[in-house]
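Visitor: Each chain, written out:
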Amino acid sequence: MTQSVVIQVGQCGNQIGCCFWDLALREHAAVNKKGIYDEAISSFFRNVDTRVVGDGGSISKGKICSLKARAVLIDMEEGVVNEILQGPLREVFDSKQLITDISGSGNNWAVGHKVFGSLYQEQILEKLRKAAEQCDCLQCFFIIHSMGGGTGSGLGTFLLKMLEDEFPEVYRFVTSVCPSGEDDVITSPYNTILAVKELNEHADCVLPIDNQSLFDIISKIDIMVNSGKLGKTVKPRSLVTSSARALKKHQKPFDAMNNIVANLLLNLTSSARFEGSLNMDLNEISMNLVPFPQLHYLVSSLTPLYTLADVNIPPRRLDQMFTDAFSKDHQLIQADPKHNLYLACALMVRGNVQVSDLRRNIERLKPSLQFVSWNQEGWKTSLCSVPPVGHSHSLLALANNTCVKPTFMELRERFMRLYKKKAHLHHYLQVEGMEENCFTEAVSSLSALIQEYNQLDVTKGMPVQDLPRLSIAM
Amino acid sequence: MSIVTVQLGQCGNQVGFEVFDALYSDSYCSQGLCSKKENEAYQASCKERFFSEEENGVLVARSVLVDMEPKVINQTLSKAAQSGRWKYGQHACFCQKQGSGNNWAYGYSCHGPKHEESIMNLIRKEVEKCDSLHGFSIIMSMAGGTGSGLGAFITQNLQDQYPNALKMNQVIWPYGTGEVIVQNYNSILTLSHLYRCSDALLVHENDAIHKICAKMMNIRQISFNNINQVLAHQLGSMFQPTYSAEDSFHYRRNPLGIDWQVRPPLARLPALGKMPFNKELHFDTSIANLVILRGKDVHCADLGGFRDPALYTTWLKPADAFSMWKTQRAFNKYEKSATLVSNSQFLVKPLDTIVGKAWNMFASKAYVYQYTKFGIEEEDFLDSFSLLEQVIASYCNL
Numbered sequence: 001m002t003q004s005v006v007i008q009v010g011q012c013g014n015q016i017g018c019c020f021w022d023l024a025l026r027e028h029a030a031v032n033k034k035g036i037y038d039e040a041i042s043s044f045f046r047n048v049d050t051r052v053v054g055d056g057g058s059i060s061k062g063k064i065c066s067l068k069a070r071a072v073l074i075d076m077e078e079g080v081v082n083e084i085l086q087g088p089l090r091e092v093f094d095s096k097q098l099i100t101d102i103s104g105s106g107n108n109w110a111v112g113h114k115v116f117g118s119l120y121q122e123q124i125l126e127k128l129r130k131a132a133e134q135c136d137c138l139q140c141f142f143i144i145h146s147m148g149g150g151t152g153s154g155l156g157t158f159l160l161k162m163l164e165d166e167f168p169e170v171y172r173f174v175t176s177v178c179p180s181g182e183d184d185v186i187t188s189p190y191n192t193i194l195a196v197k198e199l200n201e202h203a204d205c206v207l208p209i210d211n212q213s214l215f216d217i218i219s220k221i222d223i224m225v226n227s228g229k230l231g232k233t234v235k236p237r238s239l240v241t242s243s244a245r246a247l248k249k250h251q252k253p254f255d256a257m258n259n260i261v262a263n264l265l266l267n268l269t270s271s272a273r274f275e276g277s278l279n280m281d282l283n284e285i286s287m288n289l290v291p292f293p294q295l296h297y298l299v300s301s302l303t304p305l306y307t308l309a310d311v312n313i314p315p316r317r318l319d320q321m322f323t324d325a326f327s328k329d330h331q332l333i334q335a336d337p338k339h340n341l342y343l344a345c346a347l348m349v350r351g352n353v354q355v356s357d358l359r360r361n362i363e364r365l366k367p368s369l370q371f372v373s374w375n376q377e378g379w380k381t382s383l384c385s386v387p388p389v390g391h392s393h394s395l396l397a398l399a400n401n402t403c404v405k406p407t408f409m410e411l412r413e414r415f416m417r418l419y420k421k422k423a424h425l426h427h428y429l430q431v432e433g434m435e436e437n438c439f440t441e442a443v444s445s446l447s448a449l450i451q452e453y454n455q456l457d458v459t460k461g462m463p464v465q466d467l468p469r470l471s472i473a474m
Numbered sequence: 001m002s003i004v005t006v007q008l009g010q011c012g013n014q015v016g017f018e019v020f021d022a023l024y025s026d027s028y029c030s031q032g033l034c035s036k037k038e039n040e041a042y043q044a045s046c047k048e049r050f051f052s053e054e055e056n057g058v059l060v061a062r063s064v065l066v067d068m069e070p071k072v073i074n075q076t077l078s079k080a081a082q083s084g085r086w087k088y089g090q091h092a093c094f095c096q097k098q099g100s101g102n103n104w105a106y107g108y109s110c111h112g113p114k115h116e117e118s119i120m121n122l123i124r125k126e127v128e129k130c131d132s133l134h135g136f137s138i139i140m141s142m143a144g145g146t147g148s149g150l151g152a153f154i155t156q157n158l159q160d161q162y163p164n165a166l167k168m169n170q171v172i173w174p175y176g177t178g179e180v181i182v183q184n185y186n187s188i189l190t191l192s193h194l195y196r197c198s199d200a201l202l203v204h205e206n207d208a209i210h211k212i213c214a215k216m217m218n219i220r221q222i223s224f225n226n227i228n229q230v231l232a233h234q235l236g237s238m239f240q241p242t243y244s245a246e247d248s249f250h251y252r253r254n255p256l257g258i259d260w261q262v263r264p265p266l267a268r269l270p271a272l273g274k275m276p277f278n279k280e281l282h283f284d285t286s287i288a289n290l291v292i293l294r295g296k297d298v299h300c301a302d303l304g305g306f307r308d309p310a311l312y313t314t315w316l317k318p319a320d321a322f323s324m325w326k327t328q329r330a331f332n333k334y335e336k337s338a339t340l341v342s343n344s345q346f347l348v349k350p351l352d353t354i355v356g357k358a359w360n361m362f363a364s365k366a367y368v369y370q371y372t373k374f375g376i377e378e379e380d381f382l383d384s385f386s387l388l389e390q391v392i393a394s395y396c397n398l
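Going down the list, the protein sequences come from chains A and B.
Quick note: the first sequence, position 33, residue 33 per the UniProt record's numbering, numbers continuous.
Quick note: the second sequence, position 53, residue 53 per the UniProt record's numbering, numbers continuous.
Simulated from the structure, these hints should not be mistaken for lab results.
For each residue, glycine too, the CB sits at the ideal point set by N, CA and C.
Keep in mind that a hint or two might mislead.
[Stated by the list, open to error] Taking lysine to any residue and the SDA-like style, the derived pairs with C-alpha atoms no more than 20 Å apart in a straight line are:
1. B/K365 - A/D165
2. B/K365 - A/S286
3. A/K130 - A/D183
4. B/K373 - A/Q294
5. B/K97 - A/P168
6. B/K373 - A/S286
7. B/K373 - A/D165
8. B/K349 - A/S286
9. B/K349 - B/A301
10. B/K365 - A/N454
11. A/K161 - A/V185
12. A/K460 - B/K373
13. A/K460 - B/N397
[Unchecked claim] Some residues of chain B that are not near chain A, with every Cβ distance over 12 Å (derived):
14. L33
15. E116
16. E389
17. S394
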């Protein structure tokens, strides 16, 4: 079994990361009743004997002593990381895994990328190497960050190039939170576009997330729960928005949203960690979902968002889960894959779902979806026996779909509005190493990507023609 | 004569377990519908083929388990051990930490050479336990990375190291509507490579077995366990001991004696003597057919229909192309059962479909970079396509 290391960068990255580790612990606690340190837990946690001073404390088998997250926490301000270290998860993080500064990046990609990048390069590398050494077989880095600010966006993407050079065999999966239209950071379009160029060039796979979509999902749940229609019938511990999975009236505003992303990461890795009748490892995600290296943006959707406590759930409910996964209300970015072109689609199912349920639903949904001509049956499926806590089954759908194009186009537009007026540009250009062509190159990179999606979209709706085959002389 | 099984990848290992379980259950079940002496001969023959025995009498499957990641093998080993009836050899498995990522090139070009020695050693140890080796049954899927790529590599090695032993590959054909997106690439690469080094490819289509579960067995929520159990039943009905037409006194020592590409659909008939397909008069032309009958009244079964020249290609006489094996001993508690193993045009349509889809995808070059990264170039793809087009053309011309 392989291990993964999570690198959480910036305020957003660390807050999401915190939710992730909390959920991961709960999930493993629910599955691993005997408290034995097994291969599943070892994918995200080390087992450490805390009585041993120094580095020699790792235990590879036997009872769980003290679990330490395979994580590196990076922030150029201290506030968020300090809060984590004083919170309920403080024992889970190794104090040697942190890199902090005090001044922050001022919402400036250039400061995060160029200034802090070079300042902390050696330190970051050292922590990463340490984390890698502690793994038996490191398969993947999960980077969590936002794109609109300075640290997550700038330093987070600086990391990517470093990871590619230092650990070329290890996958780089990036969870990127994109700013929505009403983002309060004026320069977020600059930060985002500069970050996207790095993602284009150095990430294996990107899962873009949109705050607006997360917010809409929460509102939907709130309405359902508070409307009284469900009342007490929502099963405790089943809300996708809550770490304790119970309905908390006064959660901090971003907690609910962050929990959705944390669930995404857990479900993404479940079939690699737990057993099932059709396993799907992380390396299979990029193998199947990335037909061309530059088209590696995957739209994700999670269902169900909550489970009703009613035990008399007819099988129809299971099919509803599949239908929901394709509705635009369940996507984690503002996109509508159903009405755009699919390059590939993965269905990762957890719980008591069998292959016939999968087949039935694929057959049912296929006619309403459009797949690119060379991948008419582009489905990758997996069945993991272990459901998430509080649910009997769940589905994560990952789509490589041209519906990301409008998101990119909107980002480009917001960028151009600022850039044409050279607004706030001097904050960036005064950073050493930044020039105007950093911006022009970034826009070109984005435009090239949009153009690729355009070319695919053009083929949508055209009749699929079989190409002439090789003819054989008999 | 013994058969050594090599189980590769998730599918190979899950199916392999079910096969040994089915063979054991059938051998030791009490409803053989025959004399005690007959039953004992049957059991002994089955045991010689598929199991070795430990000092304490526990049966150990003649099998080598190979996978590039540990979860499935761990499960398979514990399932077998838990049954308390038979088990796998303690040191009969080879495992790594990171899987093949559904990448045929990775399975064939990376894992293959890297682990060649270890895996072939394990196989050799298993072969040495046999008094006389008849051949290998290699269980693998075509769609993934390990079963398909590493499976092809290992089969090639078996061809080199054991040229006189029969190599029969149990090839699991994935569902048409994807289990794996690159399954068509993996399939054509697998088939073209196996064609060059295997003696027989037994094809098992998930779609076909699924239909059997749904329509004939009326299972509502079909799981991979169900599918694998049906598959195991089919294989068991073929592998279990029988008498040949020539020798009615001893169970055939040669369990596989077929050296052409075969494809077995399952025919479970309550009464024999009826033609299995009595709906259309158009038959897929066969090169050869083998019918295996088990149970009551096998001696009076009328198989004249199978000798109809209309079934066969013009350059073959039915007498040469048709074989029948039988035994009174019932299989898996079925009073009467029949198995048909057929080498015919039946395969053309599924093969043509897969080649067509792979070709369309290849024309766009989608995913090809994942293969060239590990040394499988576009030329290798083209070679595979040509070979398979020839196979299709040859069958069409029967």
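Visitor: Against the 20 Å threshold, does the CA-CA distance of B/K365 and A/N454 hold or violate the hint?
Guide: Between B/K365 and A/N454 the Cα gap is close to 18 Å, so the pair holds against 20 Å.
Visitor: Would the pair A/K130 and A/D183 pass a check requiring their Cα atoms to be no farther apart than 20 Å?
Guide: violated (37 Å)
Visitor: Is the hinted pair B/K349 and B/A301 satisfied, with a Cα-Cα distance of at most 20 Å?
Guide: With Cα atoms ~32 Å apart, B/K349 and B/A301 exceed 20 Å; violated.
Visitor: With the threshold set at 20 Å, check whether the alpha-carbon distance from B/K373 to A/S286 stays at or below it.
Guide: holds (13 Å)
Visitor: Would the hint linking B/K97 and A/P168 be met if the CA-CA limit is 20 Å?
Guide: holds (18 Å)
Visitor: Run the distance test for B/K373 versus A/D165: straight-line Cα separation, threshold 20 Å.
Guide: holds (17 Å)
Visitor: Mind checking the alpha carbons of B/K373 and A/Q294 for me, to see if they're no more than 20 Å apart?
Guide: holds (15 Å)
Visitor: Given the hint that A/K161 pairs with A/V185, test it: the Cα-Cα distance must not exceed 20 Å.
Guide: Violated, at about 26 Å.
Visitor: Regarding the assertion that B/E389 does not contact chain A, is the least Cβ-Cβ distance greater than 12 Å?
Guide: violated (5 Å)
Visitor: Holds or violated: B/K365 with A/D165, Cα cutoff 20 Å?
Guide: Violated, because 27 Å separates the two Cα atoms, which is more than 20 Å.
Visitor: Just checking, B/E116 versus chain A, shortest CB gap more than 12 Å?
Guide: Consistent with the label, B/E116 stays out of reach of chain A, its closest Cβ about 20 Å off (over 12 Å).
Visitor: What's the verdict on B/K365 and A/S286, does the C-alpha distance respect the 20 Å limit or exceed it?
Guide: Holds. B/K365 to A/S286 sits at ~16 Å (cutoff 20 Å).
Consistency with the previously given hints fails for numbers 1, 3, 8, 9, 11, 12, 13, 16, 17, ordered from lowest to highest.
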